[in-house]
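Full structure from sequences and hints, please.
First to last, the sequence lines map onto chains A and B. My numbering numbers the first residue of the first sequence as 14 and each following residue consecutively. My numbering numbers the first residue of the second sequence as 14 and each following residue consecutively.
Rather than coming from a laboratory, the hints here were simulated on the basis of the structure. These figures come from a predicted structure and were not determined experimentally. All residues carry an ideal CB built from backbone N, CA and C; glycine is no exception. Warning: the hint list may mix true and false statements.
[Said to hold, decoys possible] Stretches of chain A that chain B covers, calculated by requiring three or more beta carbons in the stretch to come under 8 angstroms of a beta carbon on chain B:
{"hint": "1", "stretch": "107-118"}
{"hint": "2", "stretch": "181-187"}
{"hint": "3", "stretch": "206-212"}
Number of protein chains: 2
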Amino acid sequence: MDKYEAVIKLLMEAVKAESGTDEFRIPVGVSNRHVHLSQEDLDALFGQGYELTKMKELSQPGQYACKETVTVCGPKGAIEKVRILGPVRKQTQVEVLAADCFKLGKKSEPKMSGELAGTAGITLVGPKGSVQTKEGLIIAQRHIHMTPQDAVKFGVHDGQTVSIQTEGIRGGIFQHTAIRVTDTSSLECHLDTEEANAMGLGSSSTVTIVK
Amino acid sequence: MDKYEAVIKLLMEAVKAESGTDEFRIPVGVSNRHVHLSQEDLDALFGQGYELTKMKELSQPGQYACKETVTVCGPKGAIEKVRILGPVRKQTQVEVLAADCFKLGKKSEPKMSGELAGTAGITLVGPKGSVQTKEGLIIAQRHIHMTPQDAVKFGVHDGQTVSIQTEGIRGGIFQHTAIRVTDTSSLECHLDTEEANAMGLGSSSTVTIVK
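Here it is as structure tokens:
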């Protein structure tokens with residue numbers, strides 16, 4: 014190896030150390046506002062016994078975006094064409110951006126999926142009717158999906174929160190990023206569009222965990 | 014001072030050190046999308062010799078929100094009622110959110126105010142006509158306005174970039190926050206609504222500088 018090659022090798026190592034090795038980079042998934050429906054609410058909005066139409070598989074196995082959308086309505090405003098994600102769930106959950114809360118005139122806090130106790134209710138309108146949920150309006154808390162094998166590799170565990178780092182002109186660190194471990198997860202860091210835009214991230218970006 | 018008081022004092026000092034002392038906290042100003050116009054473009058949009066109507070003073074001395082708004086139009090979509098900020102400037106500058114770029118169908122990069130060379134142009138529509146700017150569409154790079162006295166206090170200088178820290182469930186660190194020093198500045202950290210929402214910040218929030 015001549016001098017030139019040695020310098021290049023050192024440079025490449027420095028760059029790699031700076032950006033985190035590829036192996037430890039986590040792909041980013043950017044979530045826009047969306048709705049998960051219970052079968053009962055799906056029936057009320059689209060008709061008795063309605064079945065959702067799968068449009069596109071999502072990165073997490075078994076999850077998919079549907080052809081169907083609803084209008085989300087609050088006391089101050091409405092947001093049309095909010096995508097429904099399938100399959101149906103035990104309880105309806107409406108995940109919005111912080112900016113949407115101002116538009117709707119509803120208060121919400123960052124919560125993990127399923128942590129709906131005490132959250133605000135919201136009105137959904139579909140082609141066959143409307144529902145007023147008692148709770149379930151959340152801003153999704155940022156989180157990382159991974160398998161138990163990933164958790165061992167990254168040295169983290171389910172329920173833990175970590176900080177994630179990003180680079181670029183809008184780079185920085187997001188604290189309180191929850192770790193979600195399941196056997197069927199696909200490794201992905203879920204941020205909403207405001208978080209992704211604030212850090213200059215898109216769906217082809219990656220982040221690294223810093224502790 | 015008894016033992017109880019001594020413990021409380023130590024605790025309070027620890028809390029204060031953790032959150033930054035009040036003296037070193039910087040108020041946050043949240044900017045939504047807005048437009049600065051040249052007199053020439055103001056004339057084209059609102060009529061020859063038009064004068065902007067001051068609606069509300071802004072925190073930076075001499076700056077104000079105007080009664081007038083324009084529609085910002087790109088190849089893929091339009092955004093109505095975008096606020097004009099006064100007074101008129103040498104060159105028209107349109108500051109949008111990253112999400113707006115998707116809606117408009119225009120690419121933009123974080124830039125400091127006035128750094129318009131090479132940025133995209135955009136169409137503005139007013140009550141008396143429209144203009145197609147050659148450049149000037151930017152996403153505002155986050156920055157902190159301060160006086161020379163503030164700069165001495167914080168140990169920073171004009172043109173430097175620093176990291177800023179925030180607390181709370183969406184807390185974190187934004188890197189590459191530019192320092193802007195002028196004699197007439199009011200101490201304030203300017204973030205756009207996506208940045209503020211991503212970090213859980215509002216107009217009554219504060220941040221601290223971390224180096």
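Verification of the hints:
Counting residues of the stretch 107-118 of chain A whose CB lies closer than 8 angstroms to any CB of chain B gives 3, which reaches the minimum of 3, so the coverage claim holds. Counting residues of the stretch 181-187 of chain A whose CB falls under 8 angstroms from any CB of chain B gives 6; the rule of at least 3 is met. Coverage of the stretch 206-212 of chain A by chain B holds. Counting CB-CB distances below 8 angstroms, 6 residues qualify, and the rule asks for three or more.
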